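Asks: Single-letter residue listing:
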Amino acid sequence: MSVETTSNLEQEYNFAYLDEQTKRMIRRAILKAIAIPGYQVPFASREMPMPYGWGTGGVQVTAAILGKADCLKMIDQGSDDTTNAVSLRGFFEKTAGVATTFKTQEASIIQTRHRIPETPLREDQIIVFQVPIPEPLRFLEPRETETRKMHALEDYGLMHVKLYEDIAKNGRIATTYAYPVKVAGRYLMDPSPTPKFDNPKIDRMAALQLYGAGREKRIYAVPPYTGVRSLDFEDHPFEIQSFDKPCGLCGAEGVYLDEVILDDEGGRLFVCSDTDHCEERRAAGHTGPMAADPAASQLSKGSSDAEDTVQ
Amino acid sequence: MPDQKPLSAPVLAPGFADPVHDAQRCFRAVMMAMAQPGTLKSFDPGSLAPPQPLSPMGAALALTLFDYDTPVWLDGSLRKSPDVSAFLTFHTGARIVSEPVDAQFALINDPRGLMPLCSFDQGSLEYPDRAATLILCRTVFGQGDAALLAGPGLKEPKRFSAGLLPPAFWRQAADNNTQFPRGVDVIFAGATEVAALPRSTTITPMEA
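Just so you know, the protein sequences line up as chains A and B, in that order. Residue 1 is where the first sequence starts when you use UniProt numbering, and the numbers rise one by one after that. Residue 1 is where the second sequence starts when you use UniProt numbering, and the numbers rise one by one after that.
Derived from the structure by calculation, the hints contain no laboratory data. It is possible that some hints are incorrect.
A short list of chain B residues far from chain A (calculated; beta carbon distances all over 10 angstroms) [claimed, not checked]:
#	residue
1	11
2	13
3	20
4	23
5	28
6	34
7	47
8	69
9	99
10	142
11	144
12	148
13	154
14	174
If the Cβ cut is set under 8 angstroms, some of the chain B residues that face chain A in the computed set are [claimed, not checked]:
#	residue
15	17
16	30
17	36
18	80
19	83
20	96
21	98
22	100
23	125
24	129
25	133
26	141
27	159
28	185
29	200
Quick list of the computed label-pair ranges, beta carbon to beta carbon [unchecked claim]:
#	chain 1	residue 1	chain 2	residue 2	range
30	A	234	B	143	46 to 52 angstroms
31	A	123	B	19	48 to 54 angstroms
32	A	158	B	143	30 to 36 angstroms
33	A	103	B	143	31 to 37 angstroms
34	B	148	A	232	27 to 33 angstroms
35	A	94	B	112	46 to 52 angstroms
36	A	14	B	83	25 to 31 angstroms
37	B	99	A	239	50 to 56 angstroms
38	B	191	A	243	26 to 32 angstroms
39	B	52	A	90	45 to 51 angstroms
40	B	159	A	120	44 to 50 angstroms
As the structure is a prediction and not an experimental result, all values here were calculated from the model. All C-beta atoms, glycine included, are put in the ideal place defined by N, C-alpha and C.
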């Protein structure tokens, strides 16, 4: 054994960090997950060089499917330049040397935390979700042995009771994210903590969806064009959030908006949560009602010069 | 020692030329095939020259998916060849089992002699992921009896045929898939293409 410098040791990691046996184990789990849409396949999740909650499940799924020719997009709450997205993108740039992009259209694999891009995905794209709690019944029934039996028997009455209690208390179904869905008419599935606004996007989506939960050691999947129904009642049909204003920067309507506080005098701005979508619209000449606002214009600049302006 | 014969070790065929990236490309082809049932996905097994009668694509799938965690069952013609067993054992470390029901993967060189699908592990309702995956080698796509496939992964129903199979195959496959979420999954390995038939697909056998 010779003494190696740090930079040489970094190069000695296998492509995309994971060793080949781990990748094979994850790949076999992915194949079974695709064959049984919505069923959570247990897998031997590895300790990753990042804490649980940072997307260790999604990272392991991405590492197992990633190839040299892939172009990776990494988003966190719709944004390409928040901490989680930046560090996970850097992880794959360093360990796999793959191309990365901010543009939804250019990506072959999109790993996401809590959002689905506004631009419809294509058949040749794969979206990987980071999942904290994969079991939709977990907060209703803490025992794994029982939830497993409930899935086996397709006994999902408890979830309907939960939604009914929402209506009894609040007059409507108050669940706004991680809204439970039924996949291909069989398995109850947690679509990860995406806002329920995104639930219609996973119904018959053209792209393959893979879900990875690192701490809970589960992988599940939804193949392309699979029917995914959000649970509801005849008299309380499923509905998504609606916004009364368009995006303040690009004027987009029918997209999911984030609220940004601008000052301590009640100034606020609603902007696209999908930053790439917003930037592309502004590049195409769309402007929103707040685009000229000096506080908002600081936000609308690209991430690189935003760092320069913030003192 | 008096004239002892030199040990003549048989030459072992090499595995993937680029183990990391060849396995990744092969897996992506299989994964997309599983995600879009009955759709052909290309993968070139390249310079793989496994011992006869194992086909290069069968060897590529074995190298991609098998290891010491996966008991493997071989059909009659593969089992007869000690070179095939030696190749698989050396490169993958997989344990070769004699009972189909014990296997996580079944490697089938001659799909015409395929035994009933119910001979393999069907998984349980609690753990349907433990069911077997069958790999049918030497598939000639577009020939033989056809079936109409529908369900997850397919935008619209798709006609699919996979060469010479036992006459009862499509009926058995349809029965296999009606017991969803239990049942086996099938991977068809052609010369340079793969296709798959997961248990989630609704199969309607078509009269020739």
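Asks: Take the hints in turn and mark each one as holding or not.
Replies: Now for the hints, and whether the structure bears them out:
1. Residue-level check passed: residue 11 of chain B sits 24 angstroms from the nearest beta carbon of chain A, beyond 10 angstroms.
2. With a cut of 10 angstroms on Cβ distances, residue 13 of chain B stays outside the contact zone with chain A, its closest approach being about 19 angstroms.
3. With a closest Cβ-Cβ approach of about 5 angstroms to chain A, residue 20 of chain B is found to fall inside the 10 angstroms limit, against its non-interface label.
4. For residue 23 of chain B, the condition that its CB be more than 10 angstroms from all CB atoms of chain A is violated, with the nearest at approximately 7 angstroms.
5. The claim that residue 28 of chain B lies off the interface is violated: its Cβ sits roughly 6 angstroms from the closest Cβ of chain A, which falls inside the 10 angstroms cut-off.
6. For residue 34 of chain B, the non-interface assignment is contradicted: its Cβ lies about 5 angstroms from the closest Cβ of chain A, within the 10 angstroms cut-off.
7. For residue 47 of chain B, the condition that its CB be more than 10 angstroms from all CB atoms of chain A holds, with the nearest at approximately 19 angstroms.
8. With a cut of 10 angstroms on Cβ distances, residue 69 of chain B falls inside the contact zone with chain A, its closest approach being about 7 angstroms.
9. With 10 angstroms as the threshold on Cβ separation, the claim that residue 99 of chain B sits away from chain A holds: the shortest Cβ distance comes to roughly 20 angstroms.
10. No Cβ of chain A approaches the Cβ of residue 142 of chain B within 10 angstroms, the least distance being about 21 angstroms, so the stated non-interface status holds.
11. Taking the minimum C-beta to C-beta distance to chain A, about 23 angstroms, the non-interface status of residue 144 of chain B holds against the 10 angstroms cut.
12. The Cβ of residue 148 of chain B lies farther than 10 angstroms from every Cβ of chain A, with a closest approach of about 16 angstroms, so its non-interface assignment holds.
13. The beta carbon of residue 154 of chain B sits about 6 angstroms from the closest Cβ of chain A, which is not more than 10 angstroms, so the claim that it is off the interface is violated.
14. For residue 174 of chain B, the condition that its CB be more than 10 angstroms from all CB atoms of chain A holds, with the nearest at approximately 16 angstroms.
15. Evaluation of the residue 17 of chain B hint against chain A yields a violated restraint, the C-beta minimum of about 14 angstroms exceeding 8 angstroms.
16. Because the closest C-beta pair between residue 30 of chain B and chain A is about 7 angstroms apart, less than 8 angstroms, the hint holds.
17. Checking residue 36 of chain B against chain A: minimum C-beta separation of about 6 angstroms stays under 8 angstroms; hint holds.
18. A distance limit of 8 angstroms between C-beta atoms decides the matter here; for residue 80 of chain B the minimum to chain A is near 27 angstroms, and the interface restraint is violated.
19. Taking 8 angstroms as the C-beta contact cut-off toward chain A, the hint placing residue 83 of chain B at the interface is violated, the least distance being around 23 angstroms.
20. A hinted interface residue such as residue 96 of chain B counts as satisfied when its beta carbon comes closer than 8 angstroms to some beta carbon of chain A; here the least separation is about 17 angstroms, so the hint is violated.
21. Hint status for residue 98 of chain B relative to chain A: violated, with the closest Cβ pair at about 22 angstroms, above 8 angstroms.
22. Hint status for residue 100 of chain B relative to chain A: violated, with the closest Cβ pair at about 18 angstroms, above 8 angstroms.
23. The restraint placing residue 125 of chain B at the interface with chain A holds, with a minimum CB-CB distance near 4 angstroms, inside the 8 angstroms limit.
24. The interface hint given for residue 129 of chain B is met, as the beta carbon of that residue sits about 4 angstroms from the closest beta carbon of chain A, less than 8 angstroms.
25. Because the smallest distance between the Cβ of residue 133 of chain B and any Cβ of chain A comes to about 7 angstroms, under 8 angstroms, the interface hint for this residue holds.
26. Interface restraint check for residue 141 of chain B: the shortest CB-CB distance to chain A comes to about 20 angstroms, outside 8 angstroms, so the restraint is violated.
27. Interface restraint check for residue 159 of chain B: the shortest CB-CB distance to chain A comes to about 17 angstroms, outside 8 angstroms, so the restraint is violated.
28. Proximity of residue 185 of chain B to chain A holds as hinted, the smallest CB-CB distance being about 5 angstroms (cut-off 8 angstroms).
29. Contact between residue 200 of chain B and chain A, as hinted, is supported at the beta carbon level, the nearest pair being about 6 angstroms apart and thus within 8 angstroms.
30. For the pair residue 234 of chain A and residue 143 of chain B, the beta carbons lie near 49 angstroms from each other, so the given range of 46 to 52 angstroms is met.
31. Here the CB-CB span from residue 123 of chain A to residue 19 of chain B is close to 29 angstroms, at odds with the stated 48 to 54 angstroms.
32. Taking 30 to 36 angstroms as the suggested C-beta distance range, the pair residue 158 of chain A and residue 143 of chain B does not conform, at roughly 50 angstroms.
33. For the pair residue 103 of chain A and residue 143 of chain B, the supplied restraint of 31 to 37 angstroms is violated, since their beta-carbon distance comes to about 42 angstroms.
34. Against the hinted window of 27 to 33 angstroms, the Cβ-Cβ separation of residue 148 of chain B and residue 232 of chain A comes to about 32 angstroms, which satisfies the hint.
35. Checked against the hint of 46 to 52 angstroms, the C-beta distance between residue 94 of chain A and residue 112 of chain B comes to roughly 50 angstroms, which is consistent with it.
36. Taking 25 to 31 angstroms as the suggested C-beta distance range, the pair residue 14 of chain A and residue 83 of chain B conforms, at roughly 30 angstroms.
37. Taken as a hint, the range 50 to 56 angstroms holds for the pair residue 99 of chain B and residue 239 of chain A, whose Cβ atoms sit roughly 53 angstroms apart.
38. Checked against the hint of 26 to 32 angstroms, the pair residue 191 of chain B and residue 243 of chain A fails, with Cβ atoms roughly 54 angstroms apart.
39. Taking the beta carbon of each, residue 52 of chain B and residue 90 of chain A are about 48 angstroms apart, inside 45 to 51 angstroms as hinted.
40. Here the CB-CB span from residue 159 of chain B to residue 120 of chain A is close to 27 angstroms, at odds with the stated 44 to 50 angstroms.
Hints 3, 4, 5, 6, 8, 13, 15, 18, 19, 20, 21, 22, 26, 27, 31, 32, 33, 38 and 40 from the earlier list are contradicted by this structure; the remaining hints agree with it.
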